[in-house]
Structure formats: structure tokens, C-alpha cells
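Chains as they are written, first to last, in our numbering: chain A, 1 to 325; chain B, 1001 to 1325; chain C, 2001 to 2398; chain D, 3001 to 3398.
Incorrect hints may appear among the rest.
Derived lysine-lysine pairs resembling BS3-like cross-links, with alpha carbons at most 25 Å apart [to be verified]:
1. A:K314 to D:K3377
2. D:K3315 to D:K3305
3. C:K2042 to A:K254
4. B:K1220 to C:K2367
5. D:K3003 to C:K2042
6. D:K3367 to A:K306
7. A:K20 to A:K3
8. D:K3335 to D:K3053
9. D:K3367 to B:K1196
FYI, nobody ran anything at the bench for these hints, they're computed from the structure.
Computed from a predicted structure; not experimentally measured.
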Amino acid sequence: MAKMNLLQAVNSALDIAMAKSDKVYSFGEDTGSFGGVFRATSGLTEKYGRHRNFNTPLVEQGIIGFANGLASQGSYAVAEIQFGDYIFPAFDQIVNEAAKFRYRSGNEFNVGGLTIRTPYGGGISGGHYHSQSPEAYFAHTPGMKIVMPRNPYMAKGLLLSAIFDPNPVLFMEPKRLYRAAVGEVPEGEYMLELGKADIVQEGTDVTVLAWGAQVEIAEKAAEMAAQDGISCEVIDLVTILPWDVDTVAESVRKTGRLVVTQEAPLTNGFASEVAATIQEECFLYLESPIARVCGLDTPYPLSHEKEYFVDHLKVYEAIKASMTY
Amino acid sequence: MAKMNLLQAVNSALDIAMAKSDKVYSFGEDTGSFGGVFRATSGLTEKYGRHRNFNTPLVEQGIIGFANGLASQGSYAVAEIQFGDYIFPAFDQIVNEAAKFRYRSGNEFNVGGLTIRTPYGGGISGGHYHSQSPEAYFAHTPGMKIVMPRNPYMAKGLLLSAIFDPNPVLFMEPKRLYRAAVGEVPEGEYMLELGKADIVQEGTDVTVLAWGAQVEIAEKAAEMAAQDGISCEVIDLVTILPWDVDTVAESVRKTGRLVVTQEAPLTNGFASEVAATIQEECFLYLESPIARVCGLDTPYPLSHEKEYFVDHLKVYEAIKASMTY
Amino acid sequence: MAKDTQHQLDIVTQPQFIDGSALTIPMFQILSEDGTIRKGAKAPEMDKELALKIFSTMQFIRILDERMIAAQRQGRISFYLSSLGEEAASIGSAAALIPEDMIMGQYREQGALAFRGFTVEQFMNQLFSNERDFGKGRQMPVHYGCADLNFMTIASPLATQIPQATGYAYGQKMDKSGTCTICYFGEGAASEGDFHAGLNMASVYKVPVIFFCRNNGYAISTPSQGEQYGGDGIAPRGVAYGMKTIRVDGNDVFAVYEATRLARELAVEHNEPVLIEGMSYRMAGHSTSDDPTGYRTREEENAWKGKDPVVRFQKWLQNQGWITEEQAEQNYEEKKAMVLAALKEAETIPVPHIDEIIEDVYDTPPKHLQKQLAELKAHIRKYPEAYPKTAPRIDGGK
Amino acid sequence: MAKDTQHQLDIVTQPQFIDGSALTIPMFQILSEDGTIRKGAKAPEMDKELALKIFSTMQFIRILDERMIAAQRQGRISFYLSSLGEEAASIGSAAALIPEDMIMGQYREQGALAFRGFTVEQFMNQLFSNERDFGKGRQMPVHYGCADLNFMTIASPLATQIPQATGYAYGQKMDKSGTCTICYFGEGAASEGDFHAGLNMASVYKVPVIFFCRNNGYAISTPSQGEQYGGDGIAPRGVAYGMKTIRVDGNDVFAVYEATRLARELAVEHNEPVLIEGMSYRMAGHSTSDDPTGYRTREEENAWKGKDPVVRFQKWLQNQGWITEEQAEQNYEEKKAMVLAALKEAETIPVPHIDEIIEDVYDTPPKHLQKQLAELKAHIRKYPEAYPKTAPRIDGGK
Ligand SMILES: Cc1ncc(C[n+]2csc(CCOP(=O)(O)OP(=O)(O)O)c2C)c(N)n1
Ligand SMILES: Cc1ncc(C[n+]2csc(CCOP(=O)(O)OP(=O)(O)O)c2C)c(N)n1
Ligand SMILES: [Mg+2]
Ligand SMILES: [Mg+2]
């Protein structure tokens, strides 16, 4: 075990993956010897050479197009998109290409070796274009897996799974926690199962569901609620696609209440999918409407970031409202 | 009044808009003198000249980028994307640019003059890439309006509103109905309000919500249900963003039941947003879970199109299941 | 001339704009329209066997295209897309490769696939979306693909395969495989952002990829010159990316073959990506959904008939004494019979089992898809008459 | 040479690959590094007033950049991005336009905006995201915009403004406005698909647009040559698109001015889009978040100091007798004081009222946004101490 922050955990996963198979390649804008603007890939060029960890020209659609081709050739392509906000030029290569590659070819070809890493989320004074949480844009896309770790331990184990998973994976890293989240992480290789939600804290009164950086907000809100005598079951969804309906539904059947929180805007966010599915699965158990605590339906504003941000106070209020419905 | 099919209605709206203001431009792949692969723009070059209705090079990101610039200059830019399936290369220009143009500039600039027309949907043996219904991908994007007409009358009135609406509008045309749907349409100018759902058929037992080409499927299912003595209130949502929560909620408060149907895959589709919102708005009124009748969570398959397609039988079964829950 | 030390650039003191026509690239031709070797040119070193295989593939593709357009008109298949007039481009280039080289096509390269050995039955199974289709009937007709033959499955979104080809070739280079990737696309697709991405990245990474642009004058109804691009076509872009580039007569199978053979050497032996622009003409409509009389003249079409790549090559073969007109005619009839037989057979084969609908979305179907399939099957059992293609076999296993 | 009739192309009979270096474009320079006019060159016809306005803007931008980097280090603003070393490119080109021409920038063209008349207060309001910012504090520092000055609001996604510029210019052409659009971008951004789209479309539509590529050698840490592109930079691409193209010394304000002036003529009078590549160097880090010592050497940076565009121009002005060193020094101090005063003022101005959070998403806030705002305000009223910037004024109206 070693103390690592989330960036170091990501770097360690990449290092182990590249050591494990020389078919693993890491690339993106500025990710070469410089190590990326966040330094997630630093040291990799020195260790594995400039052909295994390298810079790309500045073209996201090209990065993912290239990665798709490389993965279809049988390599493990680990592509970094510098910010989640800049993933949209690659949207076609992700939703029309990567996600449909195996199906459309009848399994003659696949891009299972593809992993897209991208930092996402707000709380860093990034304004419109360094703050978005675009997971829901991809969650409507059969064929993709989407993973969002909440801490260094999860990040490393999940990223290793993502790289070697035989399906294309979008791995979204909570940049607010890159340096802020520090924890004990095994130094060697380990993998965590994709598609499994994680019960972070057991409770009986209300289920609070979050993913990525929002989990610690949910935990903080649960702590406040505990002061009021409310027992929250906090669940980290971990994988957005395909998601673990059973774990969430089972919890809600127990608590009768669900608060879902996400950083992204409310409308058609992933919280909506969760609410839609759970009201179906748990209809007879629900004691109050499923609450979604989300970003406003506006672009991400810089000077009102504090107000826009889905903080623990907002989640706490939603928990209370759910209890007193 | 004249009998028009949906294509003719679209063509008529474009014609009227271009006559009304010489700042209206129409363009897209093959939309010039040839009139587009569906012929929605035919005759416009002859009438308004090759500088007002023209071909573009084959580059969707360029089409919308160009359209954004033209709209920001004060023109009405009506851009056609040849198939909804090919809108993804323009995703960045839509969600990061068009949708955020006004907000990010503090209203110094806007692309309110932008309208994106695109045919969408299945049922035409188009397989993966000529069948998708991508509305949900855009519905997570504050700043956009999304409109989906169900018949020629609605198509013309809504398209005229969309073109002159001071916000960017994505106008999705149900290509399965281009020639199949024929109806009485006023020959002159008229506009239909964006953001208003339309109660197609009143009923008391269950609300059935659909949009675009799926409305006629819902109506057919409602007819079958009527045979069983079930009274359906059929609502056409018309506008996906911003959507008319009140009309739907009011109906559900009356019927106590909601079936939502969409062509697109289930997960994180717009039906999920509707279900999430309505369970919140109508919690105490719901007598059965809100049902979503949607495409499977797979790419759109050609040889199993009939099975994949959300037909009236599937909607009818969902209505019955909702009644007998 | 003065030089700038930092940039290593020549310095000029007059504001001379370089004109858009500063770099116009000539067209390489060996076989002239009358089937003779052009003066000064040299026929490639090609033995009789290879020459006849190329010609035989050309004939086959002509027949396949003709027959399938007819089949579409008869309502037997939903869609078809012919490569009429462009056979030399795809077949001549494929012939210059080795079977291990990867082919990534746009959709009009059936010739390359046939050259690789895709059988007439395999073509038909795809065209009829039956259960023997490698693609499991999921995509529209002409979306062929075959891993064994190193032919990447065709997909409709244009130009997406261009940066993918660069990535594929990167893997080939790293694996020291001694192979390359050829990537075909139309001059229309070359307007897409993915084209720019793919070529620029190939130039930066120096990968063994051959970009083969089929410039056939049209993208559906849009003429290339002046409406698709304003310059001298696609070839000058290769130079702008710092890439070896050649423009060939795409209707001249020898020029195509020779250029591709040399390009392959550059690619595989020197890791030099190459751009080939093959000038040709789409003699048929864009697809069976298209009617070109709406946007071009008969005269134009007729002018191109004189450049027919198959006729031209046949003349050369006859002059060479490697085939007679009668032999060619006989081969044609034999192939036609074979195509018709395969067509009849393929249309009797059922569509894939309904269980296939959820396969291959992921490597294995996750729970939610298993649930959706179970619900769908229960529904089909309830209304078997509404789903006649799958209901009868629904409980018979795959 | 033989010609192909259909394509109007020269025919060659040898398979000659055009080399990637076939088109290398020289660099236009007037003012040499020592501030004298290069032999054979001619200074542009520029009166003293304009020359001094350019110089004064250069000085102002230098000071602004310096001061704001310092302010960022002190934690007074969150982010800043300097244009050190590239002042001649943005200011020299802006000076060759008329105020009605539209400017679409990337983010390093504060010089063009200052030349247009954006006041120091206006700069500061944006940098401090206060309620006087035209952008209502919504975007990060340096994302300026001003409709009155025809300066399109900067946005972070790279290259998106390139096809937009083509569209804007299309509107200008149709309106017979007699104006054009200038579109700035970096050599890194030129790798994006949107670059390809924008230039190709401009070439097809023949619109009055000037594409101005600032090639400053780096995109954050990625060096341009060999890692961003494999060819001779950006200029040859213009030629490939069939567009008039020129490469200039971006550190030579005269070359930039003259090239832009002529480009504007081509654009406005002949509807010829033009590509200008200005060769320069990003003397500072990419932004305050960047530390260039990790990826380039001091020697390289020092070599570029000798090419400083402001020093060079000042030398010429002094030689010309239009300014003295003392005057320049005094102006500098005055501007510095002005900048500091404006900075102090701007940081005392509050952020926009919370009601603004839902404005401008649409032309008017729809119901769901009104509801979300009402809920947010109720929440802030409950926890005012958690939202100190907006709570105190929450019920005071805007
Ligand atoms: C991204 C995308 N946009 C649009 C289309 C529709 N489309 C199919 S083929 C075609 C024209 C392609 O022309 P070109 O690349 O020149 O190839 P050709 O058909 O001439 O062989 C178009 C516009 C598509 N398939 N994909
Ligand atoms: C679409 C997109 N991708 C990535 C980024 C992150 N990014 C911001 S600036 C930059 C480098 C730009 O380099 P260049 O275009 O050469 O301009 P310069 O900074 O050198 O002036 C990058 C990668 C972005 N803003 N937008
Ligand atoms: Mg073509
Ligand atoms: Mg740069």
C-alpha cells in the first residue's frame, strides 16, 4: 500500500498496464514526454519509449479515430481527451463508430481495446469549458461502457479493468479530486469489477446515489442528515453504463426513498434514467418521489460556480425533503 | 388549404420563409438545385437563386459551423443534415457552440437565426445509419430547442416558427412519414407555438405520450385499447426542449397512468426524462409505474427491424399492463 | 536568398501571394484509352495469371453490379450501390497489395474484396441480410466485411475510416508486421474533418498507410469541382501535409497498379504514408436510391464511356494475346450464371435468429439486454403473425 | 505535354511521386530584426499617427500581460493568458482592417481588441468576472467579446470559429456590406477538423474572409514541427484549397500589416478568401497554468528574444524620429499606472446578480429555468453564509 492521490493512481494504473502488455499505447494532446496538462501520463515516455506514450496533433476526432483503428488492429489504445468539455468533436467516432463497431461487423471486428480517459467536472473555476460532466451524452449509446471513479483506490483498479475490458470504455476522471483525493492504494496490479455499484455507507431511511466526485458530496450530506437522525444508505454507482440496477433497486426497496445527485444539468441527465428505472422497479416501495439534485439547466457559469455547483447543502436539503414528503 | 405530404409541407415552409426575408438561407449536402436526397429543398434555387439555397461540401461540422457564423451575423441559417445519423460530426458545433453562444457572450452575440433540419427515425430498411432517433443526445443541452412534428400541418407551422424563433432550433423530421403522411395544410404562412404539447385525443384511463412519427403508433395502440374499453389520452409532446411539463402532468393527474413511447433506445432516452419528472410532479396520483416503450438498447438492426421497431402492438401491450398493474 | 535561422525559411521582401493554382498535379497514365501503352510509358511487370485475375475480377464485379441493380428494381433487395466505371481503381490497387495488408473501404470497393477472394455466395449473403452474412444481417446491403480476408467491415458514416486507417497502420508498424493499410474514400468524403485528422496524423507518425482517394466527380449530386472543393482536387492536400503524393488515371488499371505498388514500397519499407488520387467517373447513379439525370447530362456520361476501364484493359489483353474476345464473352456468361444461381440460393436463407439481436453489442450480453430480449420474445410469441421472419424459429434456438 | 480532356489535367507517363516538400513557402519580411527596412523591401504607407497607435497598443498589451500574470500569481484572478512576443501579429493585422470588419479570435489576440478601442476598464471587468463584464462573468478570464467593436466573444473550444468565420463572411458578402471577417487561430488549432471545414468551404463559396494563423511554434507543450504536422506548416494547405496564401514574419509588424492590407483587398474587392501564416514564437508559457521549462530550453527562448516585435518596431520608430526612447519610457509608465488603477477598481466590483444565472440561455428564460432559479434563491436565503458573493444582494434585484 502507498499513499497516492487520484492522479498518481491513474498514472500507476497506466504504468502497470503498459508493463503488462507491450500492446498498450497511451496518447493524447500533450500527453507525451510532458505527461499531459495534469501530468497523468508523466514518466511513461521515459519508461516505455516515445512510441508507446506520445503526443497527438490537436484533433479530438482524430485521436479517437486513430484509437479506434489501433484498437481494431488488436492493440490496447488508451486515449486521453484533455478535458471532458473537448470530447464533442470526437462524438461521432465514439457513438457511431466505437460503440457500434462489433455489432455492425457481426463480431468480425471490434474495438474492445479502446479506453478513453478524460477529466471531467466542475469546482475548479473552469467556467463553461473546463467544468462539464458529459456522461449522460454517452449513456444513451449501447455498446459503450462508462466508468467514473470516486477516489484513488477505485480509479486505479477500475482503470486497469477498463483498459483490459473487451469493450470500449469511457473512463471519466474527477479532476477536482486529482490532487485533493488522497488514499491508500496497492502498488501492484488489481482490478475492480465494472458494472458493480458500491455501497459506501449502509443506512435505512433513504438511499442517496451518486457517482464520481459527487460521492463525497453525498457522504457529507449524509453526515449532516445523520445529525438529524436520518440514516442514509450512500451508494456509488461507479459504472454508468451498463449500470447496476439491482443494487440500487434493492436498496430502495429497503429504504423506500431515493435521492440521486449529479453535477451535470438536470434535464436528460443520467439521474433521470435512474429515476425512470427505479420508479418502475420499486413502484410499490416508494414513500416519496425520487429526487434529482443536479446542476441547473444552463451552461456552467464561472462567477456563479458556487451557486451552480451541487454541494452537500443542496443534497442535504433534498434528503430532508424526501423524508418529510 | 391544400393536400400536402410532409415533404411538401416542409418545402412550403422553406419557400414562405425565404420569400418573407431575404436573410433566410437554406443549405446542406445535395440541397442545392437538386433539392436534397429527399427533395425537401427542391425548387428553392430556381426561386431564390443559387446563393440562397445551395450545396455544401460534405462536412457536417462545417455545415453547422458555417451556419453558426451566418446566424451570428444576423441571418437565418437553415441547415440540413442529410440524415439524423450523420449529425454527430457536428455535435460540438451544436452543443458547445450553438447552444452556448448567447450565454457565454452575455448576449453580445447569438445564433438565434439557426435552424437545423434533419430527417430521423426508422422503419425504412435503413439499418444502423439511416434509422436513428438522436433527440435525447441533444435534450441534455440547455440553450437548444428541439422540435419533432408528427404530420404535414404541424411540420409546416412548426418549421416556420423554428426558423424565426430567436433561439437555435433542432428540427427533426420523421422521414418514414415524408411521403406517407398526407394532410390538409394551409398554403399561406402560419406559425405554431414551440414548447406546447398537443392533446391529440382526450381520454380518462391512461395517458399515452409520444412525439414525431411515434404519435401515429400511439394512436393506433389507443384504438386497440379502446376496443378493450380503455380510454387513452394521447399527447404529442411536439417540443422536446424545453418541454411542456404542465400539459403532461395535468393529464397524468387525471388518468393516474402514463405510457411514454419513443423510437430511440431505452436507456437515457427522452422518455426517461419524462418519467423522472412526472413521477416527481404526479407522485400521489400514479396508480402504476410510468412505462417506457422504447427501442432496445442495441444499435438499429436491419434484418430485425420489425422486431426492433416500437410498433402499436408493443405500445398496446404496455397500455394494458399499465391498466392491470 | 536570405534565410530565417529559427524557421529555416527563405525570406522574401515582396508581398507575393501564392496562387491557389500554384501546385497543380499531373495525372499518371500508362494505358491510353485505346488500350495501348502510352508512348514513353512502361507496362508494369505483371504476369499473365495476375493480369487475367484482375480482368476476371473486373468482369465479375460488372456482372454483380448489373444483376444486383436489377434485383433491387425487382424488389428482391432493398438497396444496392454499383461501382460501374471504377473497377480499375479498386481492383488495380488491391492487386498491388499482399493479402495480409488491411483494406479499409468506403462502400464502392467491392472489386478489392472480390480480388481478395470473397465468394459470390458471401456477397449474396450480405446483400440479402441472411443468417450467413458475416455481419449478421445488421447493416444495409453492400456493407461487407471479412476478418479472414483483412477487409474491414464497411460502415455508412463517411471518412471515419480515414483516421482509423492511420491508427491501424500504427499498430502494424509497431508490430513490425511488414504490412500496410490501404484506405479508400471518395473526393466527397475528403471534405470531412476526419480526412484532415487522418492524413495529418499519418504524416506526423510516419505510418505504413496508403490513402486512396477515388475522385469520381460526384458526391451523390454534388459535383466535385467548385462545389466540393475550390482547388485542384485532393492530391495537393497530400503535399500540404508533407506526404508523398501521386495522381493517377483511375480508369487505367496499370497506372493504378503501378502507383499502388510503389506506394506500398514507400509505406512498408520506409514508413512513408502516401496519398493516391485516382481520377475516375461514377458511371452509374450514386446508388439505387439515386437518379443522376436530375443533375448531370447524358453527354457527360457518354463522354466517359470512351474511358471505360474494363474495355480498355480487355483491349490490351487481347492485343497481348492473353485472352480472346470469345473467351472473354464465355467467361462473362459463366460468371453471370454463377451470380444468378447464388442470388437465388441466398434469398431462400432465413434472417438471423432473433437471439442475435442482442449479441455483439458488448462481448457478452449484459443483464439488461437479456431482459429486453426475453420481453421481446414473449411479445413475439404473443403476436407471431406480426413478426413472420423470426416467429417461426423463435424457440428453435439459433 | 498530353492533356486529359475530361479532367483538364496534364498527363505524365512516369510514376513520379510529388514529394511532401514540393511546395515550401517563403516568409515575407520588411522590417529586419535590427529595426531597419530590409534591402529590396518597402515600408508600408503608414502615417505617423497610425504607427504610433500601433506602437502604443503594443506597449499597452505588454503591460496588461505582465501585470495580469502578476495578478494571477497573487491570487487576484484565477487564470491569465499572455500574448508576449506575438503583439505584431494581432495588432499589425487589426490595424489593416476597418472597424466594421468582424474579428473572430482564438484567445491570444488581446492586441487586436485593444487596437479596436476596448478600454482598460473593459479588459479588467472581464478578467475579474464582475458584473460589468459584457460576458456577465460567465467565462474564464481572457474570453473577451464586444458587439460594438465587432469582436466576437472568445470561447475555449479550439477552431470552432474557423467555419463560423466562413459563415459570417458569407453573410457579409450577401449583404454587400463591403466588409470582411478576419479569423485568428494557432497552428495547433489548425489540426482540428473544423479548420479543414472552414477553409475548404471558404474556397468553395469565395467569401471575404482572412484566415490568420499564428504559428508560434507550440500548442501548449506540443512543438509544431513534426509533432503537430509533418509538412511545411500551415501555408501550403491554403494553396491546396485553391486559396491565395502568404507566409509572413509574424514578428514584423510591417509585413503583417502589408499582407493583411492586401489580403483585405482580395477579400473585399474580389471575394477571395486568403490564408496568412504568421511565423512567431510564444515567448511566455501557454497560460498561467503552464510551465514551459518542462518542454523547451532557455536557449531556444533566448534566441527568440532577439526577434522581439515590439523592440524591433520601436527601433524603427526611433530611427524614423517619430518617438524617442524617453517618450516610449514615459508612455510605458503612464500606461502601467492606468492598468494598475483599473485593476484595483475592477476587483471591487461585485459579481453579477444571481438572477443572471438563468438569463441568455434562451432569449427569455423558460418556465423550468425560472423554477430552478426560484429554488436556488430559496436555498441561498437559507444558507447565506455558504454563498457570500450572491447572498447579500439576492433580494436587491439586479
Ligand atoms: C457522415 C456522412 N454524411 C453524409 C452521408 C450521406 N452520403 C452517403 S454517400 C455520400 C456521398 C459520398 O461521395 P464521395 O465521397 O465522393 O463517394 P462516391 O459516392 O462518389 O464514391 C453522402 C453525402 C454519410 N453516409 N455519412
Ligand atoms: C477543442 C479543444 N481541444 C483542446 C483544448 C485545450 N487547449 C487549449 S489551448 C491548446 C493549445 C492551442 O495551441 P495553438 O492553437 O497553437 O494556439 P497557441 O496557444 O499556441 O496560441 C489546447 C490543446 C481546447 N481549448 N479546445
Ligand atoms: Mg465521389
Ligand atoms: Mg501555437
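Of the hints stated earlier, which fail here? 3 and 4
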